[in-house]
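Trainee: Line by line, the protein sequences are chains Z and A. Letter by letter, the first sequence follows residues 1 to 108 of full-length UniProt numbering. Letter by letter, the second sequence follows residues 1 to 317 of full-length UniProt numbering.
There's no promise every hint is true.
To be verified - With a straight-line cut-off of 30 Å between C-alpha atoms, the simulated DSS-like cross-links for lysine-lysine are:
| # | chain 1 | residue 1 | chain 2 | residue 2 |
| --- | --- | --- | --- | --- |
| 1 | A | Lys-26 | A | Lys-265 |
| 2 | A | Lys-26 | Z | Lys-96 |
| 3 | A | Lys-144 | Z | Lys-88 |
| 4 | Z | Lys-52 | Z | Lys-21 |
| 5 | Z | Lys-96 | Z | Lys-21 |
| 6 | Z | Lys-96 | A | Lys-116 |
| 7 | A | Lys-175 | A | Lys-144 |
| 8 | A | Lys-116 | Z | Lys-88 |
| 9 | Z | Lys-96 | Z | Lys-52 |
| 10 | A | Lys-116 | A | Lys-224 |
| 11 | A | Lys-193 | Z | Lys-96 |
| 12 | Z | Lys-79 | A | Lys-116 |
| 13 | A | Lys-182 | A | Lys-64 |
| 14 | A | Lys-116 | A | Lys-168 |
| 15 | A | Lys-182 | A | Lys-193 |
| 16 | A | Lys-116 | A | Lys-144 |
| 17 | Z | Lys-79 | Z | Lys-21 |
| 18 | A | Lys-265 | A | Lys-71 |
| 19 | Z | Lys-88 | Z | Lys-21 |
| 20 | Z | Lys-79 | A | Lys-144 |
| 21 | A | Lys-92 | Z | Lys-96 |
| 22 | A | Lys-168 | A | Lys-224 |
| 23 | A | Lys-260 | A | Lys-193 |
| 24 | A | Lys-193 | A | Lys-144 |
| 25 | A | Lys-71 | Z | Lys-96 |
| 26 | A | Lys-224 | A | Lys-144 |
| 27 | A | Lys-224 | A | Lys-260 |
What the hints assert, rightly or not - Listed next, the stretches of chain Z that the computed footprint assigns to chain A, with coverage defined by at least 3 CB atoms under 8 Å from CB atoms of chain A:
| # | region |
| --- | --- |
| 28 | 26 to 36 |
| 29 | 89 to 100 |
Source of the hints: derived by calculation from the structure; they are not laboratory data. Every residue, glycine too, gets a C-beta built ideally from N, C-alpha and C.
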Amino acid sequence: MSTAPAVTDATFAAQVLASSKPVLVDFWAEWCGPCRAVGPILDQILLENGDKIDIVKLNVDENPQTAALYQITSIPAMKVFQNGEVVKTIIGAKPKPAIEADLAAFIG
Amino acid sequence: MRQVIIIGSGPAGYTAAIYAARANFKPLLIASSVEAGGELMNTTDVENFPGFPEGIMGPDLMIKMQEQAEKFGAEILLDDVTSLDLSGEVKKITIGNGDTFEALAVIFATGSAYRKLGLPNEDRLSGHGVSWCATCDGFFFRQKTVAIVGGGDSAMEEANFLTRFADKVYVVHRKDSLRASKIMQDRAFANPKIEFVWNSAVDALLGDDALTGITIEDTVTGVKRDLPLDGLFIAIGNDPRTHLIHGQLDLTPEGTIAVKGRSSKTNLSGVFAAGDVIDPTYRQAVTAAGSGTVAALDAEHFLSALPVAVLAQAEIQ
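Produce the entire structure from the sequences given, and follow the hints as far as they go.
Mentor: This is the structure we're talking about:
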């Protein structure tokens with residue numbers, strides 16, 4: 001299970017939108033198998049690239065407002081926010097090298 | 001070097017690992033990084049696996065299989081095989097982080113991958129209304145209208161599951177009858193939220209940023225019409241996952257790995273295959289598990305016949 005810090009509907013603006021650093025938000029849920037598989041991979045990417053990118057997770061079950069705002073209809077969905085805007089979207093669980101390639105602009 | 005490496009972590013791979021571990025071959029099972037447990041990880045109730053009269057959740061069943069394999073000494077690796085060299089006596093397997101493993105025997109049990117519709121927009125709208133995983137994404141379609149494409153057990157299970165959330169679930173199917181099992185058909189027919197759209201093929205996916213509907217073509221009359229939708233789930237079958245072994249292992253006309261008779265033996269000595277990757281017909285958790293057993297026993301027989309000195313090399317790891 002993922003150890004990345006959690007954000008909520010209440011903390012999203014402060015922790016994600018106001019961040020000066022790129023933030024990857026992992027939209028996930030307990031009942032989503034692929035989400036549980038990708039969690040540890042994101043933890044590892046955070047461990048190796050924490051100086052360049054923040055990685056947080058948002059439980060869509062408990063935080064429906066943010067999930068609806070960003071029109072999440074499929075999880076895992078990973079969105080990178082920079083200066084409050086979505087600059088990259090990754091849909092679906094992928095192996096670590098594939099996610100790293102998707103994030104090359106941020107962690108390369 | 002290993003005596004046996006198993007690639008794949010569905011019922012075939014884990015059952016092969018249980019047998020190989022109990023035979024004391026200390027198998028390494030390469031399970032994949034994000035698809036460990038295979039297709040059953042994305043299902044809900046499994047009601048046709050013997051021994052579970054109350055049913056068992058797909059992910060729970062796969063975790064139990066993994067635990068059973070580990071209990072007898074199988075080692076599970078959560079990484080992806082990126083390339084294989086199966087030609088020599090020593091098989092070489094490279095994984096995502098660049099490490100290479102060697103083994104005297106390989107059991108290939110990579111299962112199958114979801115088949116796509118093959119339509120323009122399909123990749124672009126994936127995750128934006130188009131989904132392959134009802135258990136993951138059904139939640140987002142509360143009080144919405146969705147469709148599922150397909151006519152098999154998976155399509156019926158997902159259609160029934162989606163009615164927990166959606167107000168309306170269309171089942172779009174090319175023919176006028178289903179290949180799903182009778183019990184799954186009856187459940188779908190009895191569900192008031194499910195409406196069947198017979199003799200219909202998906203001709204186009206509509207929508208720019210998100211799916212807004214589909215165009216369906218009547219497979220009898222050729223007449224096309226649009227069906228407005230919030231979500232589309234695709235369950236039109238699977239294709240055997242063979243890309244890693246193209247050019248190395250012989251395939252059947254159906255695209256599965258060719259095996260000799262009722263065995264798991266491929267065209268290469270020391271290479272065995274099991275589960276959906278060799279099965280164009282039955283593709284059940286139970287048949288895959290049985291197939292994994294066959295592969296483990298074939299591998300055991302193969303290893304036992306090797307010269308002692310060769311086998312001893314594999315014990316030094």
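Trainee: For each hint, tell me whether it holds in the structure or not.
Mentor: Hint check results:
Between Lys-26 (chain A) and Lys-265 (chain A), the direct Cα distance comes to roughly 20 Å. Compliance with the 30 Å bound is thereby established for this hinted pair. Proximity of Lys-26 (chain A) to Lys-96 (chain Z) is assessed by CA-CA distance (about 27 Å); at most 30 Å being required, the pair is judged to hold. A C-alpha spacing of about 27 Å is found between Lys-144 (chain A) and Lys-88 (chain Z), which places the hinted pair at or below 30 Å, so the restraint holds. This hinted pair checks out: Lys-52 (chain Z) and Lys-21 (chain Z) have alpha carbons roughly 7 Å apart, not beyond 30 Å.
Under the criterion of a C-alpha separation no larger than 30 Å, the hint pairing Lys-96 (chain Z) with Lys-21 (chain Z) is consistent with the structure, at around 21 Å. Restraint check for Lys-96 (chain Z) and Lys-116 (chain A): satisfied, since their Cα atoms lie roughly 23 Å apart, inside the 30 Å limit. Under the criterion of a C-alpha separation no larger than 30 Å, the hint pairing Lys-175 (chain A) with Lys-144 (chain A) is consistent with the structure, at around 25 Å. A hinted pair counts as satisfied when its Cα atoms are at most 30 Å apart, and Lys-116 (chain A) with Lys-88 (chain Z) qualifies at roughly 24 Å.
At most 30 Å may separate the alpha-carbon atoms for a hinted pair to count; Lys-96 (chain Z) and Lys-52 (chain Z) meet this at roughly 17 Å. The suggested pairing of Lys-116 (chain A) with Lys-224 (chain A) holds, with an alpha-carbon distance near 21 Å, which does not exceed 30 Å. For the hint pairing Lys-193 (chain A) with Lys-96 (chain Z), the CA-to-CA distance comes to about 40 Å; that exceeds 30 Å, so the pair is violated. Distance check on the hinted pair: Lys-79 (chain Z) and Lys-116 (chain A) sit about 24 Å apart at the alpha-carbon level, within 30 Å; holds.
Between the alpha carbons of Lys-182 (chain A) and Lys-64 (chain A) the distance comes to roughly 28 Å, so the proposed pair stays at or under 30 Å and holds. With a CA separation close to 23 Å, the supplied pair Lys-116 (chain A) and Lys-168 (chain A) stays within the 30 Å bound. Distance check on the hinted pair: Lys-182 (chain A) and Lys-193 (chain A) sit about 19 Å apart at the alpha-carbon level, within 30 Å; holds. Of the pairs offered as hints, the one joining Lys-116 (chain A) and Lys-144 (chain A) holds, with about 23 Å between alpha carbons and a cut-off of 30 Å not exceeded.
For the hint pairing Lys-79 (chain Z) with Lys-21 (chain Z), the CA-to-CA distance comes to about 14 Å; that is within 30 Å, so the pair holds. Distance hint between Lys-265 (chain A) and Lys-71 (chain A) is fulfilled; the C-alpha atoms sit about 27 Å from each other, no more than 30 Å. In summary, the hint linking Lys-88 (chain Z) to Lys-21 (chain Z) is supported, as the alpha carbons are separated by about 14 Å, within the 30 Å threshold. Only pairs whose Cα atoms come within 30 Å are accepted, and Lys-79 (chain Z) paired with Lys-144 (chain A) is accepted, the gap being roughly 24 Å.
Restraint check for Lys-92 (chain A) and Lys-96 (chain Z): the C-alpha separation of about 22 Å stays at or below 30 Å, so the hint holds. Note on Lys-168 (chain A) and Lys-224 (chain A): the hinted pairing holds, with a Cα-Cα distance of about 21 Å set against a maximum of 30 Å. At most 30 Å may separate the alpha-carbon atoms for a hinted pair to count; Lys-260 (chain A) and Lys-193 (chain A) exceed this at roughly 46 Å. A hinted pair counts as satisfied when its Cα atoms are at most 30 Å apart, and Lys-193 (chain A) with Lys-144 (chain A) qualifies at roughly 11 Å.
Proposed proximity of Lys-71 (chain A) and Lys-96 (chain Z) is supported: the alpha carbons are some 28 Å apart, at most 30 Å. Of the supplied pair hints, the one linking Lys-224 (chain A) and Lys-144 (chain A) holds, its CA atoms being roughly 23 Å apart against a limit of 30 Å. In summary, the hint linking Lys-224 (chain A) to Lys-260 (chain A) is not supported, as the alpha carbons are separated by about 46 Å, beyond the 30 Å threshold. Residue count for the region 26 to 36 of chain Z with a Cβ under 8 Å from a Cβ of chain A: 6. That meets the three needed, and the coverage hint holds.
Here the region 89 to 100 of chain Z counts 8 residues with a CB under 8 Å from a CB of chain A, which clears the bar of 3, and the coverage holds.
In this structure, the hints that do not hold are numbers 11, 23, 27, in rising order.
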